[in-house]
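Following the UniProt record's numbering, the numbering of the sequence shown begins with 1 at its first residue and continues without gaps.
Keep in mind that the hints were calculated from the coordinates and are not lab data. Only a predicted model underlies this, so the values are computations on that prediction, with no experimental measurement involved. Don't be surprised by glycine CBs; every beta carbon is placed ideally from N, CA and C. Any given hint could be a false lead.
Heads up, simulated DSS-like pairs for lysine-lysine below, C-alpha to C-alpha not over 25 Å straight-line [claimed, not checked]: (1) Lys137 with Lys124; (2) Lys261 with Lys44; (3) Lys152 with Lys122; (4) Lys109 with Lys122; (5) Lys137 with Lys95; (6) Lys168 with Lys261; (7) Lys137 with Lys152; (8) Lys156 with Lys119; (9) Lys116 with Lys137; (10) Lys141 with Lys152.
Derived DEER-like restraints, expressed as beta-carbon distance ranges [said to hold, decoys possible]: (11) His246 with Lys205: 21 to 31 Å; (12) Pro46 with Ser170: 41 to 51 Å; (13) Pro46 with Lys152: 42 to 52 Å; (14) Ser88 with Tyr135: 23 to 33 Å; (15) Ser100 with Lys152: 14 to 24 Å; (16) Ala74 with Gly186: 25 to 35 Å; (17) His220 with Glu267: 51 to 61 Å; (18) Lys124 with Arg37: 55 to 65 Å; (19) Asn23 with Gly186: 18 to 28 Å.
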Amino acid sequence: MFDSPLEGEFTQGTVFSCAHAENYPIAGVLGLVITARCDAAQDKVPVFSYVPVVSISRWMMHDGALIVLERIEADLINTFANNLRDFSLSDSLIKSHEMSVIYDVHLRKYEDDRGKKSKCEKIKGVIDSLEECRYIKSNPKEVDRLTCLLRKFDEKVTSVVRDLTDNKLSGYYLLRDLTSLNDEDGTDFVALLREVHHVATPIAKKIAHGLHREAVATAHVVCPAFYGNDELSMPIAKLRSPWIEHLMQNFTLLFSRIGVKNNNYMEVKRSLYKIGIGG
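Using the sequences plus the hints, can you model the full thing?
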């Protein structure tokens, strides 16, 4: 999937170290250049555009976690709604009342009912999990609690990873077998396609040959971004064909989709009247 970078080259597909990502103010963030090859080769651009690239482990604790939490929450709400119907209650109650309130008012009285006690315990478990899910969404720095919840709902994590692997997760692109400067990051990474950043061409040319931290210490540039033990911003790999074209296709589709009003199928069916089957 990757080749070694050519010395001094900074072009579409180049992966470089010490990039900037909005929600990842940490060491180890990479950047993948998306500026057209022809523009890069002919010095036609004042800035180079790139998308951030982060290890899948870091991604799963932030962007990936948000997706997992959304799926967990939706599933728990659906489970609670189904349980309400089992008690002959309308699931519309969820739209106007907290689940804990619904339970206290309508279901707690069944806790001593031998036939419904087990169901009540399961419903309370759903409520507890939902409250924990919502708490973590509001407090993303609670890493230990997030990790615990992700382990509890491992099937949701698996679902998100599967969608990422199959290129079904809009806005994200899986990059495999990428060797970074940090061994702890492993070799699986995720490109954040919706987050486009830029680096000035003069700086990009310096990165192409290796740019030390001290060289930009007083320059107040956004990229390169040095955190922790970061010392050198430099190209580390180049995404080769056909993956760079596939990534760019996915990137382009994010911003080129056009929505139009759906046609009414019954109106279309009336066009079949003249052959006697439009009724």
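Each hint tested on the structure:
About 20 Å separates the Cα atoms of Lys137 and Lys124, which keeps this hinted pair within 25 Å; it holds. A distance of roughly 40 Å separates the Cα atoms of Lys261 and Lys44; the hinted pair therefore is violated under the 25 Å criterion. Pair hint Lys152 plus Lys122 holds up; C-alpha atoms about 15 Å apart against a cutoff of 25 Å. A threshold of 25 Å between alpha carbons decides the hint, and for Lys109 with Lys122 the separation of about 15 Å falls inside it, so the pair holds.
Straight-line distance between C-alpha atoms of Lys137 and Lys95 comes to about 20 Å, which keeps the hinted pair within the 25 Å bound. With a C-alpha separation of about 24 Å, the suggested pair Lys168 and Lys261 falls inside the 25 Å cut-off, and the hint holds. As the CA atoms of Lys137 and Lys152 are separated by approximately 16 Å, the hinted pair is consistent with the 25 Å bound. Proposed proximity of Lys156 and Lys119 is supported: the alpha carbons are some 23 Å apart, at most 25 Å.
For the suggested pair Lys116 and Lys137, the alpha carbons sit about 32 Å apart, so the restraint of at most 25 Å is broken. For the hint pairing Lys141 with Lys152, the CA-to-CA distance comes to about 18 Å; that is within 25 Å, so the pair holds. Distance hint check for His246 and Lys205: the Cβ-Cβ separation is about 28 Å, which falls inside the suggested range of 21 to 31 Å. Between Pro46 and Ser170 the Cβ separation comes to about 30 Å, which falls outside the hinted range of 41 to 51 Å.
Distance hint check: the CB atoms of Pro46 and Lys152 are about 49 Å apart, consistent with the given range 42 to 52 Å. The hint said 23 to 33 Å for the Cβ distance between Ser88 and Tyr135, and at roughly 31 Å that hint holds. As the Cβ distance of Ser100 to Lys152 is approximately 20 Å, the hint placing it in 14 to 24 Å holds. For the pair Ala74 and Gly186, the supplied restraint of 25 to 35 Å holds, since their beta-carbon distance comes to about 30 Å.
At roughly 60 Å, the beta-carbon separation of His220 and Glu267 lies within the given 51 to 61 Å, and the hint holds. Checked against the hint of 55 to 65 Å, the C-beta distance between Lys124 and Arg37 comes to roughly 59 Å, which is consistent with it. The hinted window of 18 to 28 Å between Asn23 and Gly186 holds, with their beta carbons roughly 20 Å apart.
This entry does not satisfy hints 2, 9 and 12, going by the numbered hints stated previously.
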